[in-house]
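**Q** Put chain B with the ligand on the given structure of chain A with help from the hints.
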Amino acid sequence: MKLPLSWLRDYVEFDLTPRELADRLTFSGTEVEGIETIGGEFKEIVVGEVLAVDKHPNADRLTVCRVNAGSAELTVVCGAPNVRVGVKAPLAGVGTVLPDGTVIKKAKVRGVESFGMLCAEDELGLSKDHSGLMLLPDHARPGQPLSELLPPPETVLELEVTPNRPDCLSVIGMAREIAALMGKPLRIPEIVLPESGEPVERLTGVTIEDNEGCPRYTARILSGVTVGPSPAWMQHRLSCAGVRPINNIVDITNYVMLECGQPLHAFDYELLEGRRIVVRRPRQGESLQTLDGQPRAIDPDMLVIADAGRPVAVAGVMGGAGSEIREATRTVLLESAYFKPQDIRRTSKRLGLSTESSYRFERGIDVGGVEWASRRAAAFMAAHAAATVAPGVVDAWPTRAPTRRVSMRYGRARDLLGIDLDDAGMSRILRSLGFDLTVRDTDCDATVPTFRVDIDQEADLIEEVARVHGLDKVPAPAPAARLVADADDRPTRALLACRAALTGLGLTEIINYSFLSERLLSFVGYGSPEARLVLPNPISTDFAVMRDSLIPQMIETLGRNRSRQAREAGLFELGRVFGMQPDGRPIEDDRLCVGLMGSVGRTGLGKAQAVEPEDVFQWMKGGLEALCRAMQVPTSRKGGLSRPGIAFEEMSAPCFEPGRAVRVFMAGEPIGVLGLVSERVRGEWRVADPMGVMELRMEPLLRHALDVPAAKPVAPYPGVERDVAMVVDDATTHDAVLACMWQVAPPELVDVRLFDIYRGKGLGEGRKSLAYSLTYRSMERTLTDEAANAMHDRIKAALRQDLHADIRES
Amino acid sequence: MKAAEIVQLKEQALDEARRSGTAADVEAVRIKYLSRKGVLPGIMDGLKALSAEERPEAGRRANELRQELTKALDDAKNALQAAERASGQKRFDPTLPGQWRGLGRRHPITQVVEEAIRIFSMLGFTVADGPDIETEYHNFDALNTPADHPSRDTQDTFWLGPGLLLRTQTSPVQIRVMESRKPPVRIIAPGRCYRRDTTDATHSANFHQIEGLYVDRAVSLADLKGDITFFARQMMGADVKVRFRPHFFPFTEPSVEYDFSCHVCRGRGCRVCKQSGWIEISGAGMVNPKVFKTVGYDPETTMGYAFGMGVERIAMIRFGIEDIRHLYDNDVRFLEQFG
Ligand SMILES: [Zn+2]
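Keeping their order, the protein sequence lines are chains A and B.
When the first sequence is numbered by our numbering, its final residue is 883 and no position is left out of the sequence of numbers.
When the second sequence is numbered by our numbering, its final residue is 340 and no position is left out of the sequence of numbers.
With the rest of the complex left out, here is chain A (with noise of 0.2 Å):
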């Protein structure tokens, strides 16, 4: 809202600098967005007489103009469309600085000497326009000051009302903030009202038949006006506050809302079908042409105001234009009333149509200052539009809502804003607010005016005293950690840990959207279509699916940096995965997802080896060893030594290179894949190295993060290694040699590491060559060589037994 402040200054004094008021009111709840000056002082530019046009010999679009400037007679060079002979426009001549800073200097145009510039009104910085020279009055004199022909400069402030204050969305309200903040009086005008002629009662009636919709309403008669133009100060005040002009029967509905708040609308009384109103919702197939010339369809659930016979105007929103305020009105019917709220927003939402009017209407107005407003623009008519005004007013206000009132207890405001301000201090706050108190001991009872719509329990007046008191004044105390006994941060750290983890493996954390397209989904082919979440109403086809995996996005990134030249990457989000159950519930699941690209698992020189897809696979496996590490994961005995308890099972997925993806399996629970990226996805990247991905359930994951492990000794004896070097069959895997061993490896196999594989000549086709070193080492005592041959036999034995190996004795 903009707030001229010539115009508080009417009801309230104050001596503070436009940046002073604006910090008060700021620091009380009206935040002030701009401070605005309209016009100048306009030293310099004086009143120019246009005496002769001649055409540019250069330039069609401009003249060459003769310029009377009251002392001497200038060439002045003007595009303006309207300059004519005879017009009197503002003149800034050789030497004037314009209030955007230009500095008018004596210059050739297209080859013509100027001498100074007729100004539009933009130049001067009195409005927008831009569409021609700003025209004087015909009294103005040739070199007058401009000053003397405008309003002095008005200083506006630009208002951001919080949607609870419909009461400040006006300047009387306004002044009550600052009257109460700074202690002043509010003044309120005087209303002398000149009645004459028949009684309003004989000249129209008002049916409400929607009472809830229209809880009241109010109308006036004005006979004999003379529709024209309304006082300058009247038009510059509403100018100043962005509201166009239009005549003085308008102008005054207009005015009086801004100064009041209350919407105002005036009707032609003589183009009322039976002179009389009528308040209630359309009828099947009514329909109304509103004031700004659209055809608007009205719903049955709409309120409206009506004649006899037809609507003439959406209640609370914009009139009709079959009753329209024309030149020729002579009589006028005014209306004051009070809509529901809620109601004028739907209307307002559902036609697409906001105004000044329905604006304050939805947030609720003064229900107790209608008939006030009707009072106040009634003097204006009669004294600005020849009104006779009829006698009395019809006020149809069936059901008057009860007074509100609400009890506050010092000693409880106190407490809940930890300041020290006395009884009386806070009386006195709410008391130059509005509020009637009836004060005891230890609590007041506060009438709540009727303009403050948002007021109705013990907080709302301790909010009151807040912000007028000042929110400066409440101390910022040492805080005070307190503890709440069963307060459980278990998966917070365990959280924190598995993040540590990965960044200590090197990875770099990513967020991604929680949607994305159905494109890059489809094409990524990962995830459970039939449980997707599709946004009914997304901001763009790019963000339309809920992510059912972490996946699609992981790849798309790692392409992204590939596409930027980046030449490897690791990378990991903790995000949420989101689905739809048949039934309706939402599935929410949090994962972990690890994207590896490039020689990521190399350091050093070794980053210019090639890359084989291998490599990347068993990165990824080695992470996530790793991370099953931190996290705890139990070990397993079975298949492996000293490993987590981990497993692996074929899978496959349109991502995926066929054949190299597993699903991961925590005994025995299933908690996620591991794969290669496939060469058609990847290729949508244009990335030719191979790239993995990993995804997996946090809530496995962390399930033990936070397990306190017991100790176990460590061998006090030297261990003892011995070697053995194998050809087996090309599809015996590792684990398979793992689990042979197992089965026969006495307690004190402590370690088994591979540490050579080779294929090739001499081995034959399909077999390879494995190669492990074993450590055994016993709780009890140092290991003789015999002893650890005899076991190291025994697991040779099995190798060749089950794994038909070809055992290399060195």
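None of these hints come from the bench; they were simulated from the model.
Hints are not guaranteed to be accurate.
So the derived list for chain A, only partly shown, Cβ under 8 Å to chain B, looks like this [claimed, not checked]:
no., residue
1, 96
2, 100
3, 476
4, 478
5, 480
6, 488
7, 491
8, 511
9, 547
10, 551
11, 565
12, 585
13, 616
14, 691
15, 694
16, 703
Glycine included, each C-beta is placed from N, C-alpha and C at the ideal position.
**A** Here is chain B with the ligand on its own, set in the frame of chain A:
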């Protein structure tokens, strides 16, 4: 072997060590005298055969042999290496790039969240979580949001079906926590939120908030100011100040917006704070008694404060990030700047 013989043997061994021309020579001398089956263990074994008078002197000499020979062998080895370096066969270049897997980085959004968790943990807050897919009840109704409040519009909120939506704020976690337990409550709830904002330099349809809630018998607006100030100083710098401006939120009464004094210019005015000296952070206030009633707390015996903060906003201010979109672009060159 008697002491005199041992001394003689020592001189011979030291001589052999000094004359070693290669690393292999040095090693051969070591094996000859000092290895498990070498000369010295033999001498030690032989000590038992000597008389009680001879034994101590012989033992001392044997120890001398081991110590002096070990040192001589080390010296010989070092001298050989020095000679090798001097001869330039293999130059050591300490400026070659180091080789170690680097550490990964946490996303700036995460860093702010983890930092906030750390700071509020000091005050006894623990983290609470809630679903991203929320009910209209938890996201709006229970938070005292009017039925026709514009924030409920399909223009602003991602609706998934009747009564179901993507949460527009982390405030529903307040409701879920209060529904599930009695006071005192001291939680923060970091999480994702969603609004149908068109993406630009400061808006993102998917963003993060941290909700805070403290409910007890006596909690004041001053406590809120003190705690937020503590947070501001921990997060932004020791001399950051906090100011409150009155505002309006349906679920708090009184409601405030809070600003931090600019940590860059210390309040003098700069580009980051748009010359104002202050940076707008977010909203907070005292929990509206209507919300207490909704969750079944007695508004007469309960007080509490709640605050929210935009994580992206704090990350942008803290790290000097000018466009929120950088946070979701996941360019490794960008991410690797953050610790
Ligand atoms: Zn600054």
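**Q** For every hint, state whether the structure bears it out.
**A** Hints versus structure:
1. 96: violated, 10 Å
2. 100: holds, 6 Å
3. 476: violated, 21 Å
4. 478: violated, 17 Å
5. 480: The hint is violated - residue 480 of chain A has no Cβ within 8 Å of chain B, the shortest such distance being about 13 Å.
6. 488: With a closest approach of 6 Å, the residue 488 of chain A hint holds.
7. 491: holds, 3 Å
8. 511: violated, 21 Å
9. 547: holds, 5 Å
10. 551: OK, holds: residue 551 of chain A within 8 Å of chain B, min 6 Å.
11. 565: holds, 4 Å
12. 585: holds, 7 Å
13. 616: holds, 6 Å
14. 691: The hint is violated - residue 691 of chain A has no Cβ within 8 Å of chain B, the shortest such distance being about 15 Å.
15. 694: violated, 16 Å
16. 703: violated, 13 Å
Consistency note: the structure conflicts with the earlier hints numbered 1, 3, 4, 5, 8, 14, 15, 16.
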